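**Q** Sequence:
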Amino acid sequence: MHFTKFDFLTLWVKDGIRQTNIDWYVNHLGLNIGWDSPGEKLTLLQFPSKQAMTLLAHYPDDITLPEGEVRVCLTVYNLQETKLYLDRAGIHTTEIHQTPWCSNAFDFFDLQGTRLTATSLPALPLSQEKSKHMFHSYFLHIMVSDLSAARQWYSEFLGMIPVEHSSSEHYYMMRMPEDEKVEFPIFFSKGKESIDLRSSKETSITAIRPFFQLAGKTQLEQTHAIFKSNCIEVTEITGKHDDFMRWFDFTDPNGNQLHAIAY
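Position 48 (the sequence shown) corresponds to 48 in full-length UniProt numbering; numbering is contiguous.
Just so you know, these hints were derived from the structure itself, not from any lab.
All values reported here derive from a predicted model rather than from experimental measurement.
Keep in mind that the hints are not guaranteed to be accurate.
Restricting the straight-line Cα-Cα distance to at most 20 Å, the calculated cross-link-like pairs of lysine to any residue (SDA-like) are [claimed, not checked]:
(1) K50 <-> V26
(2) K5 <-> M245
(3) K190 <-> E169
(4) K217 <-> F157
(5) K190 <-> R151
(6) K190 <-> E221
(7) K5 <-> E164
(8) K228 <-> T218
(9) K83 <-> L111
(10) K240 <-> E221
(11) K5 <-> Q51
(12) K41 <-> T114
(13) K217 <-> I237
(14) K50 <-> P66
(15) K217 <-> K181
(16) K5 <-> D179
(17) K181 <-> T206
(18) K5 <-> E156
(19) K83 <-> L121
(20) K228 <-> Q152
(21) K14 <-> K41
(22) K14 <-> T206
(23) K190 <-> G255
(24) K181 <-> T4
My request is simple: use the sequences and hints to build the entire structure.
**A** Structure follows, in structure tokens:
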């Protein structure tokens, strides 16, 4: 395959409260605005680690998007203090629990009800211990019904590489070919049995939208054709060949919605 790296994460937010959503992510997560395009309703936000994600004000206020099995995990310096802060701000949080990879975590929800997971970072260098930012960075967590089958599928069709010494019966980690130096890989874990029921069925559009980059636009067209020939559900390619970027949506065998992009 021609995939090279995990490019970025986009979160869909409601159109009618675009600025309110931007303020929420800036004020409560400690993110900075990299750039903002009101015309495109697109905002790039940066974590203290300089990792970026975008907010796209894309859907009407009267629609609630369903929850998928692709989750975003936000790393924090002090899990207990972060939970206390969010609770005091009136943001709904769950109890602290242990992830499949044995890290403490809790879930909380943005203004759309999109589930976000706060998870504790390993020990920090002394120079970073007193950082004023609560959140440091993020990584993807994808839940699947069969870990072995998913590992084979992501390896074959996205070119993902297993991270050594990271697997167990409960989870494993993989990375994209050019992501050797990224802080966190992509985590996969076995989800609820109900995931089986969504396999090979129409996928619901969710707010969490991860984009994986291909080597170029020609490779994007080739990958689109390969996916179709392998009965992988894909959308039509958005954008013309001479546009700055082109992309399409596709789904994994569990119906998880993913996105391919090229520049």
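**Q** Checking each numbered hint in turn, tell me which of them this model violates, lowest number first.
**A** 6, 14, 15 and 17
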